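The hints should help you fit chains B and C onto chain A, whose structure is shown.
Chains as they are written, first to last, in our numbering: chain A, 1 to 640; chain B, 1 to 640; chain C, 1 to 640.
Keep in mind the hints are simulated off the structure, nothing from the lab.
Among the hints, a few may not be true.
Because identical chains share one entry, a pair is satisfied inside a single copy or across any pair of copies.
DSSO-like, lysine-lysine: derived pairs with alpha carbons at most 30 Å apart [what the hints assert, rightly or not]:
(1) K290 to K21
(2) K428 to K290
(3) K21 to K549
(4) K623 to K549
(5) K65 to K397
(6) K623 to K397
(7) K159 to K86
(8) K86 to K21
(9) K159 to K21
(10) K159 to K569
(11) K261 to K21
(12) K65 to K549
(13) K591 to K397
(14) K2 to K159
(15) K21 to K623
This one's a predicted model, so the numbers in the text were calculated from it and none came from an experiment.
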Amino acid sequence: MKRTLGTCYYPEHWPQEIWEKDARAMADLGLTWVRIGEFAWSRLEPVEGDLHFDWLDQAIEILGKAGLQVVLGTPTATPPRWVVDKYPDMLAYDAQGRPRGFGSRRHYCFSHQGYRDECARIVTQIAQRYGQNPYVAAWQTDNEYGCHETTVSYSPAAKAAFQNWLRVQYPGQGNDGDIEALNTAWGNVFWSMEYNSFDQIELPNLTVTEPNPAHVLDFRRFASDQVVSFNRLQVDIIRRHSDAPIAHNYMGGVTDFDHFKVGDDLEISSWDSYPLGFLEDRVPANDAHKTLFYRQGDPDYQAFHHDLYRAVGRGRWWVMEQQPGPVNWAPYNPAPLSGMVRLWTWEAFAHGAEAVCYFRWRQAPMAQEQMHAGLLRPDSHPAPAHAEATQVATELKEAGTVSMTTAPVAMVFDYEADWSWQIQPQGKGLRYLDIVFDMYRAFRRLGVDVDIVPPTIDDLSGYSAVVVPAMMHVPDALNAVLQATPAQILYGPRTAARDAHFSIPTGLPPALPDMDMVITHVETFRPTVEIALEGGGNIRGYREHVETKATPVLVAQDGGAVVCQFGNKTYLGAVLDGAGLARVATALCAKGGIQTWDLPHGVRTRTTGQERFWFNHLPHDVKVYGRSLPPAGVLREPLA
Amino acid sequence: MKRTLGTCYYPEHWPQEIWEKDARAMADLGLTWVRIGEFAWSRLEPVEGDLHFDWLDQAIEILGKAGLQVVLGTPTATPPRWVVDKYPDMLAYDAQGRPRGFGSRRHYCFSHQGYRDECARIVTQIAQRYGQNPYVAAWQTDNEYGCHETTVSYSPAAKAAFQNWLRVQYPGQGNDGDIEALNTAWGNVFWSMEYNSFDQIELPNLTVTEPNPAHVLDFRRFASDQVVSFNRLQVDIIRRHSDAPIAHNYMGGVTDFDHFKVGDDLEISSWDSYPLGFLEDRVPANDAHKTLFYRQGDPDYQAFHHDLYRAVGRGRWWVMEQQPGPVNWAPYNPAPLSGMVRLWTWEAFAHGAEAVCYFRWRQAPMAQEQMHAGLLRPDSHPAPAHAEATQVATELKEAGTVSMTTAPVAMVFDYEADWSWQIQPQGKGLRYLDIVFDMYRAFRRLGVDVDIVPPTIDDLSGYSAVVVPAMMHVPDALNAVLQATPAQILYGPRTAARDAHFSIPTGLPPALPDMDMVITHVETFRPTVEIALEGGGNIRGYREHVETKATPVLVAQDGGAVVCQFGNKTYLGAVLDGAGLARVATALCAKGGIQTWDLPHGVRTRTTGQERFWFNHLPHDVKVYGRSLPPAGVLREPLA
Amino acid sequence: MKRTLGTCYYPEHWPQEIWEKDARAMADLGLTWVRIGEFAWSRLEPVEGDLHFDWLDQAIEILGKAGLQVVLGTPTATPPRWVVDKYPDMLAYDAQGRPRGFGSRRHYCFSHQGYRDECARIVTQIAQRYGQNPYVAAWQTDNEYGCHETTVSYSPAAKAAFQNWLRVQYPGQGNDGDIEALNTAWGNVFWSMEYNSFDQIELPNLTVTEPNPAHVLDFRRFASDQVVSFNRLQVDIIRRHSDAPIAHNYMGGVTDFDHFKVGDDLEISSWDSYPLGFLEDRVPANDAHKTLFYRQGDPDYQAFHHDLYRAVGRGRWWVMEQQPGPVNWAPYNPAPLSGMVRLWTWEAFAHGAEAVCYFRWRQAPMAQEQMHAGLLRPDSHPAPAHAEATQVATELKEAGTVSMTTAPVAMVFDYEADWSWQIQPQGKGLRYLDIVFDMYRAFRRLGVDVDIVPPTIDDLSGYSAVVVPAMMHVPDALNAVLQATPAQILYGPRTAARDAHFSIPTGLPPALPDMDMVITHVETFRPTVEIALEGGGNIRGYREHVETKATPVLVAQDGGAVVCQFGNKTYLGAVLDGAGLARVATALCAKGGIQTWDLPHGVRTRTTGQERFWFNHLPHDVKVYGRSLPPAGVLREPLA
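Pulled out of the complex, with its shape left as it was, chain A reads as follows (with noise of 0.2 Å):
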């Protein structure tokens, strides 16, 4: 594999004079990939039907000429406001009842139709014209679906698309469904909540107490389904007419859809990696941590997601968009430690990222982003940023090709569990995405590599441990890839804990085979509630009530089982802090003979099958295993 890099560029915010200037600058600097108009509806169709693609034509040939590759986005997250005033009612709804409106980005409900038709329209008219272009290089669908909680619509027109969403998934006589084997599958005699037919059904917001929570989960399977039908669309005009791979470029933190689902229909992974925009209100951690590493963000969460996508992406996965500075998104918008921008490159190209580019290459001087740093300043001067990307560059071209390999650690990450958690938390702020990225940060702070598995996965040969935390509702197929493995299999806390329609399976969990043991119960803790483990770590937030008559190999010190082992199968029953994760997982490695390493609190290591990488997130130097990292610190070193 081959380690490239790109930007993002927007021909259309530019005067036409500069593009030459620009496309030459970005190939000086040894950039491949160049992604455009993703946000361009307005320009090339600025009334309905009065199609304007020249100015495209003529940025594609000015960057193709230039040397780059060209990633062409499809426009259909901004809709110009005629496509609106054509159909007032394809906005989606908040949940409070109210239409999300023109004046922004991705005001469009994935269900309503006339709007879909108006997508293929376009997406048609760019496909055919650019399909066979010799530097279109690739293809991008949308742009980040589901950013801004835009997966989750309210609208009517949603609220007709699920009714027959329900009626394929509960099918009956005829074109209707059968609405008792819906009845019976939500539970609804419970609080008489049953209906007499399926357009009864109203979407599950503004509901006096809470709703059903197998209406909510019904919902957000249908939504999620709808994403990736929207996304199919696209897809198939597409590959009519090209053959350049398709990617779509997910975004940090966003869980309200399948993205493996949506990824089965995409040659290529990709993913926007905001490290410090991430920090401050989707990493799970303290305050001082957030101090330590404000400049730095995360030292795990990139590669988590980096993870993630590899497997979305089924081995092919990029950043479509590299944080290069400040954003004008977060909270609090500082400016990366210097040296940052160099490592978050190189880690994603140690886990596996075949490109990454660089969002955005000039930062633009008006509208929403105006603050949002790119390698470019606006006056057109290099930004901090464009050295650290050069260097890059220029270390790219000594680095070879590299090739990935299976890592000893597998961990399913599976959506429906997210949403499952989000519906039912039990405990005020427990959260799966949290949960599963403690363990991954677990592993991964004892220096071992994790491949990230979908739930469908059907082969987990070459890994040495599997990971399932937290997975609601685990499916019989997975059950079976699980009961083959020999590797050493760790279920979380709540794993098969629910059947496929949210009820709590017969015979109590863990519906899993093998397993000696039911969960008879389940408590939640306020935060200042801290249950001490024997030999070290707590129990945070919560726990599970284990009833076994085997020995379980961790309790707490009140005697509770927190760990239990059968053969290969150990089951956690709690939500641990880090001290008691580290544990856990060190105790896994051990049995499964996976090495692991004492790493310095934000140093991280990483392989390919060619070299090992060292990453210092700290701002200060550390010694690892006789090594020196300075701040921002990246070795990269060939494998023995």
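Same frame as chain A, now just chains B and C:
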């Protein structure tokens, strides 16, 4: 009085095959009561007019034949979907002006006449069918009026009904009211808020800044009256067909309607006691307190409600729902410390409960309350509470019958005062219920029994002391009763500070007889401000400035009067911390000749006519007057 | 200039029998002014067209004959219910899209033409009747424009008016505007936000993510202009009938419209000063500060407004409402420390007030402000402030007339900059008003008098220093004036960082002449981050990165430039804590030859042309340069 146990059962949730086994197991445990039916409308009438009583006939027969007495609930808290389709405008509206939709429970506005007609119809059907059933030994109307903040509705139906209610309150010529009387009573000359007619009057939500407090108070009285008349509608129907006593199950901490007025139409008052569910959001206490009691619940909060509902039921009261394990709805949901379910049960009996029913018999695997524990687990094995309930059942057999006696202290509780403080707290966070509760706690920490009494009480004989905390308007009738008693009277802050229409009384507060003092002005404080009392304790949050020729019996270190005495009447003009309240309560008991105890923190004592109880709410052993109490310990001693 | 006292009176609230006694008591106290009428519409015109002026005739006659001068308010802040019935669409809409209903005050949208017509009619009636009344010595338009966040409305009327306002701002052919000019100015090519016509432009609320800042800024300018024209409508009418000066009473801390522009149409500027009411929510300070000053109010907040409104009134200004005791509307409402009402009054005079009027004469027993103290209690006895007002009245008799002189420091205050920071804070919690206020405080703690000046000032002669903090767009005219002055100029962070349409200026900020520096990028920080300055003080929250060949005069410990100097121009590129700001202010005063003082914390000094005042805002005695000041002490010394 005989003391009994019971449970809440949903035969419609379970296969008919297990009903008999369930019934036998209930009887074997020693239960007397089983409540059923209160959410079953969609099974009784799945489609309008299509009544299905067979299954309920059979369930009652099976339960009754097993020796259980049935409490039959009317199903009006959960109208089926078809009822909402019939009356789309029956939904309550929230303060933001949004309808509160179908999909959970309590989705109706008390003011909607169509829904009232529908309720009358189904209640008539049920009462006719089961009014003479030998196993139906009691009734419950609806379920938890006001829960999920459903007393107050801002719907069009509520607006029309409020205007009509006002026409009656301010009567004029013919059918119309006297709008000038209303303008004068409300002081509408202020800010030109005067109305020309009743149909101009809107509900007091969504105003530019705060609405007129007199407007809001009348609206809150109206909303309360709507609950009273809604309940009376059902009671009148049931009475026509049955001689069995009728109860309603109030929810703890809900004060949005006048429970005394609803209770006046019922034979039995009952409430739903969730000690751990209430701790986080409803109990006024700091983090340390909530952490210490996180598995036990607050040591006074349930007792307060027991004493309140003994008053609401005029002596006859139950716990209709007793928390048996973790619940699903609090911010954090721990399991009770072992022994606490037994303690809570005996505590209810110590305060005079006739029956304690555990909610629910078996944990349901589906829908909203799937994480709510029962006496049985979802797999029908006994949950931890089962053994504790069994122990109580055994203990009850030898405990015999008891009677309740008058407590030394009466405390007046006034729902209208709660609304008045909500309308005008004057300082952020000041709440009537908290002020009353803290004063109640002060006496309970001294081991003193308290009777809560309604503001309409007409006889205070038998009491050594009467406490009237924070009752913003004191009606003439109560003033007369207070004048007549030789008991020590303690008025709390803001007592009699308003007339019946929320104006400051002529001559300044307190509008109480025989008090040679006026409150010239009031201060409220940020939480960081503490104003020390001479001799210990502090003013927190609220203080009145007293003008009097008398010498205060307690002053602040700055010299201001805090407590004044005029004969048997004591006036406390501030909100105090625990240390300050302890001094005031101790002094009152000394003056009234009431015995006090020096109890360890977390230990409480209560007497019936025949017994003294000791309760240890702490998670560790304590000694109290020579007795040893284990964690969650209960000691029952015959009265000397 | 003569210094006078007054009060606010509502004859319509009290029986006519006591008006004369009230009037006599006011005169006896030594009051000159009495403001009346501003909320009395429903008594002047209870039904459309049915005018009742008799009572007002009589009230003015009684007050006038007692020797008082009447300030007559137009009643347009409280249209009666029948006006709203006539124009149901006259209500303002909040940002959530909900009409803000009748039932309190300020329930109108400034853009509604029907309501403007109604206002013109009632103001004409009043001006005709009282324009030549000998006792009506001044006028007040409406009441507290913008209070309760009423400047900005999202109503249909506002939308239509905004579109028309834009057509004028971006003029095109005929009556229509030039939509391409708007698209270019706003940068609407970004995210395809381009419009085809003005009637497509919506108000910038309820967008999916943040709207275009240029869109919002124009909307905020429009909203401000609507207040200006609404006020001018009334002024033009009054002027046709009366020669008495016209005032408006601005509310402290309200910055949503340009007070300078409103003030340009008035003779007198006045504001409503509630020192304790403002402390909790409006003053930027920590808990310790708010606790120390909880009964005194912030020592600089009122002074800042005094200096601001002296500028708004071009020298003529009043305190129209002075807090006399506890108020009803702040989160916490303590009583002023004894002496503070006198201190606040003298402080206003020290800053040049012509009159200070206490709000209100007598505390009302009813409606929304029943907990708002007056000079009299509701029972007509003197409230604590009465004696302090009497003392001031006595002191005034011997104090004689004074004149104001130019302060050594001018500080530019720009309402548009406040909106710009609100639109784009870039870091959570960053506010223009706070930054300006903290810089103001820095000079005041050094005992330096400050004149606040408008951004339209055309002559800075007489000033030794000029401070321009955080003014995001500096117009050319102001730049020219700043170029012309030999005074020391201190620019604060983010000055001239945007052009007139909220774009980053070509060539990077600051867009200021003679500054050999550029701001390359900006950082914002979480509150736990402190960046130490060399020599003391810290950067907090906001920092600019400066590129310059000059040697900075103040740097951070990390070496970054913080303060740069170019001749008489100093640029501060960060938000500093108090210690840091003290250093910057001290250095500026030294360079400008401005005398500074070493004042105890909480002590302030101010001069008129003839006197030096010393004010002790602390609750304990202090010594200052040999003088002793008791708590709330005021010392007035003739200038040497």
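Comparing the hints with the structure gives:
no., hint, in the structure
1, K290 to K21, "neither (40 Å within a copy, 57 Å between copies)"
2, K428 to K290, "both (21 Å within a copy, 15 Å between copies)"
3, K21 to K549, "between (73 Å within a copy, 28 Å between copies)"
4, K623 to K549, "neither (47 Å within a copy, 37 Å between copies)"
5, K65 to K397, "within (21 Å within a copy, 87 Å between copies)"
6, K623 to K397, "within (28 Å within a copy, 72 Å between copies)"
7, K159 to K86, "both (21 Å within a copy, 20 Å between copies)"
8, K86 to K21, "neither (39 Å within a copy, 63 Å between copies)"
9, K159 to K21, "neither (50 Å within a copy, 43 Å between copies)"
10, K159 to K569, "neither (43 Å within a copy, 62 Å between copies)"
11, K261 to K21, "neither (40 Å within a copy, 47 Å between copies)"
12, K65 to K549, "neither (72 Å within a copy, 39 Å between copies)"
13, K591 to K397, "neither (41 Å within a copy, 55 Å between copies)"
14, K2 to K159, "neither (46 Å within a copy, 54 Å between copies)"
15, K21 to K623, "neither (44 Å within a copy, 69 Å between copies)"
The structure fails hints 1, 4, 8, 9, 10, 11, 12, 13, 14, 15 (numbered hints given earlier, in ascending order).
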